[in-house]
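*Asks:* Those letters in the sequence shown? Residues -22 to -1, 1 to 1075, per mature numbering (1 follows the signal peptide of the UniProt record, and there is no 0), in order.
It is worth saying that the hints were derived from the structure and are not from the lab.
Please read these numbers as outputs of a predicted model, since none were measured by experiment.
Among these hints, one or two may not hold up.
Taking lysine-lysine pairs in the DSS-like style, the calculated list, with each CA pair at most 25 angstroms apart, reads [what the hints assert, rightly or not]: (1) LYS211 to LYS247; (2) LYS961 to LYS938; (3) LYS211 to LYS81.
Quick list of simulated restraints, FRET-style, between CB atoms [claimed, not checked]: (4) GLY232 to GLU873: 30 to 38 angstroms; (5) ASN548 to GLU873: 22 to 30 angstroms; (6) LEU719 to SER197: 54 to 62 angstroms; (7) LYS961 to ASN793: 37 to 45 angstroms; (8) ASP327 to ASP212: 51 to 59 angstroms.
Glycine included, each C-beta is placed from N, C-alpha and C at the ideal position.
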Amino acid sequence: MLARALGLLGFAGLLACGSAVAPEVGASGRSPVAPGTRGAPVLPGQPLAGGGRWFQNGTDMMTWVRSGDAQDEAIFAGSRMVLSPGGELLEAAWEGELWATGKPIIGAIAVAPQLGGGFVHWTREEVFRSSTFTGPLQRVHLGMTRGEVRGARNDLAGVVVFTDRGPRLLPAGASETQPYPEAGVFDAVALDASRAARMDMFGRARVTRDGGRSWSDVSSETGMFVRGLVPGKDAVSLETWMGGIVFGPEGTLGRLDTAYRPRFLGSGKYFQSEPGQRERDFELLPWMWRQSTPVGAAVLGGVRLGDALALAVVSKGGARVSLRTGEASLLSSGWLSDELNCVPQAAGDAVLFLCSWDEQQTFYGSVVLRSEGGQPPVVEKLLSDDGFFAADDRGAVGFVGSCSEKARWVDPNDTSRMEWGEVVPAPVLCVRRRPGDWVERAVELEERQTMVAWVPQRDGGAVAFVTGEAGHPLPPPVGMRRVTAQGGVRVVRVDRVAPEWRIGPPTYGSQAPRGAVSLLVDRRFRVLDDGRVVGWLSAAGSGDTGSSGVSRGVTFGTDGSVVVHPLPANVAGMVVTGDHGLLIDSSGALHETVDHGRSFHAAGRSPVPPSAFTGACSSLGCTFDGVVRLGWSSVVSVGASGAAAVGASGAASAVRAAASGETVASGKVASADGRFSVSPDPGAACRSTVDIDLDQKVEPCRRTGPLLAGQEGAAPRPRLSCTPVGAPAPRPPAALTTEELRNERMNMRAAWGDELVLLRDAKAPPPDENEGAATSEEERRAGAAVRPKSGPVLRTHSLVYRVPFDLGGSVLRLNATEIGQTLGSKSYRRFTAVPLLEASGALSVLLLGEEGEAIVRPGGLTRLPGTEGRRFAEERLTMTPGLALGPDSAVLLVERYHRSALEVHGVGAQRPLFGMGPGRDGFEERLMALARHEDGAQGILVLDGDAPETVGVSRIDALKGPGPVERLAPWSTLTPGSEPACKAKGGWHALVALRPEHALAMEDGALPNVQLARYGIARVRWGRERVCVDALDVQVEETRGGSAGAAQMVMRWGSGAGGALLTSGIIQGLSCTVHPPAQGAGPGDAQARRRPVEVAP
């Protein structure tokens, strides 16, 4: 009757979960049985002795570097790891300085023997070399002022380092990179000294079989373009949209493999090596074991089956795990009901499964299953309240809710059961007294009292923690009893436990590592045999107790007295659950506790930095996102009474302290940690460390160690030299009046640093809905005359902007009535202002909006139909100039679906996008611009960096698409367009958006108070010999009287030559020229790195 009434599950089906569904046969080949061990004793709460061993936990968070039969090399959380075939950590190394500065190692490659061997590692901003994988790092200078590192590959002449602004080449044995010798390269890889493959920004792939002396274009075999190159051990796969084509050992191209699984560029693992056999084995496991390995799930559950085995349970799966090897000897994907999420719990000689219904099921409540002697689990208790469990490591179990078994169907409108976050415990607990015997305990809360936590006891008793009104300014009355008794429950009032520390409410979701079942089991407290309660406190204002904040052990006496136990110094991260916890300090040293934080003992060095300390612990060890620690260093044996003995000097005092509640300093525990290397943080003394709130970011530190010492030398930059001409002249007043500034307006950033302003005219107020009638009842009663209608307003909006490249700083006000409707209620929908190069060399602007477009020229606006709605402004498109094709059409180079494409704007039928190559995820910052050749052809410029030494152009064919990339002159050859050398024909005309502060250098002298700023645009003619500049319009900062203000510098050469400094009040004429970079400037300039840098001793 009960089963039918509850509608919870069929008992027969549940009993069959362990017997009718045959588990898979493990590697041992034994006959399938339930994942327990028949007759094996369950050892609740006994810590696993033998020292801490570390294992890999999952593969999706690992970045593989090199795989082999004897060992694998990978990177996780900034740590370089060497793994055995079984997944155990053999070696590890990480750098305290890189962790403290937020620059962890994220990738590495093994350098080919012909290139000198060793390894190249990278962070988001830095590159390092090492002779061995876990050996000391040596910094590699990039020679770039800014940019992010994306990865590296072995190339023919060295290691190619890919940045978001273009590739750099690191020659064999060098400590600094050079500009890559070939223009427009998107990816490159060499298999050996002879065979290599490259692809350009437009997906054209080439291969060489003779060390680069000759290259073969394979576009006819690959199709329109290749999307990526993936190297293997002796071959490279050319990825296309249809599959993969292998460039094999013999230098031949294979046939298209349509079953090939691509490695997506945006996945974050594009530059990792081919995964080894261990990851391929993981892919063959059932899906529930992908995020957590069996050993990780076993440690999370903490259930031992005898001395050598443990039980692992994940969502809808179970396993039996060897505590000696960490490997699973049996896996099952159908051992528990698919409708339940369960967590194992040791309780005496049995294993309980604390289960909740899957969120998609239609039932409230929870279920407790029991398995004895390895038999299939049976139902022990059904619970219909919507609550959670409380338990400890010694077998005490309770359910925070009543023992009711009434049927409660889910209200489809109630979504609270799927929400995570803090929960307030109910004032009732259903506690387990013995197998099958559950008793209900409840407390009556006084006015303004709140439940904080329940602590179940194995004998069916319980302790309840309550608190008074939250935030009450007064302490409890003098003489108030802190401990009372109510119906078998000891009630402890805990208003203020300790300054800056609190007992926080339990929280869903924050204590579970990846792969864990989403079920809350509160393990923060345990009642000792003498009646005292040990627990964990959370730092006020920090995260929850467990894995996301700092916790301190606390002991509550039977009289309500409180002893807060100290922590080791310089806490950087910690994970605690129940009696067990692991702490890491800022030096990388580990400290562990097996007595609920009453004492900590040194446990060697950590193979992972503090950022990886998110997870949970049990008597078997700790599991993190990516790694697992199996066993406890401070536990060397377990006596007949089941009391754990602490090994190391001072062990006896630690045991006495655990029995008496006293605290001792962190003990010295021997640990075989020589395999794990932690480079200290030389700047730790001046960093702002916070022992309480780990969520607070580490403050930046001016002192740095050898890994980050020095500054990158800038690329060679042309020098801009300007001298004043004549006396300053007054500049016309601001184009916008005070009244107009109060009206609705839209500001659009231009590539040259100014803003285009679309505003409602002051003479065109918003329309009056009551125009033409009396506006109030009082006026009508008084016989007021109806207001006369005003005449039609023919102009409602204006566009105000400064004409770029104009030496007089002319500000135009154009009629923008046709596009003015985008203001008002839609003012958040910004236009994007894209510079256009006219055939005459003039600059116009294309405004792109959600409801329309317009080309802006000094003569007025030309309205165009919308091509594709853009709700928000696109900064990258603003910095990618296009070409005007006529009075009412233009072509742009845009990003659509993560790929470059040509987009034509104009009247008539909308043309489809014209794809220009592979996806650019991670490489969007690489500068590109449309250009027009003097013969009328169109092309795309590709610029590697802000002051690019490697520049190329691809000529666009209307039918075939982009052609091969041709090398052009470097930016360092910038020459005024009026020079005789610039009279030659054959260049590419283009507008180039640039960062003046990084692309040019101001010569000291005539304009000492002017500094180049962030925005600028140049009109150039780019050829193979030099870059001729006809005009510059750049943003500058002018310093006057100690304060800086924005200004513009305009320079022209050739027709209308001259220069001007435009500030808010004056125009200063200038005479400007451009000089080559200073001798010795650039990446090879050693003096650029001898600038004073404070290095920590």
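*Asks:* With 54 to 62 angstroms as the target window, see if LEU719 and SER197 comply at their CB atoms.
*Replies:* 56 angstroms, holds
*Asks:* Can the restraint linking LYS211 and LYS81 be considered satisfied, given a maximum Cα separation of 25 angstroms?
*Replies:* Since the Cα atoms of LYS211 and LYS81 sit roughly 30 angstroms apart, the hinted pair is violated (cutoff 25 angstroms).
*Asks:* Starting from LYS961, check that the Cα of LYS938 is at most 25 angstroms away, please.
*Replies:* 32 angstroms, violated
*Asks:* May I ask you to test the hint 51 to 59 angstroms on the CB atoms belonging to ASP327 and ASP212?
*Replies:* 56 angstroms, holds
*Asks:* For the pair supplied as a hint, LYS211 and LYS247, is the alpha-carbon distance within the 25 angstroms limit?
*Replies:* 17 angstroms, holds
*Asks:* A range of 30 to 38 angstroms was offered for this pair. Does it hold for the Cβ distance of GLY232 and GLU873?
*Replies:* 32 angstroms, holds
*Asks:* Holds or violated: the 37 to 45 angstroms window for the beta-carbon distance between LYS961 and ASN793?
*Replies:* 41 angstroms, holds
*Asks:* Determine whether the Cβ-Cβ distance between ASN548 and GLU873 falls within the hinted range of 22 to 30 angstroms.
*Replies:* 46 angstroms, violated
Consistency with the previously given hints fails for numbers 2, 3 and 5, ordered from lowest to highest.
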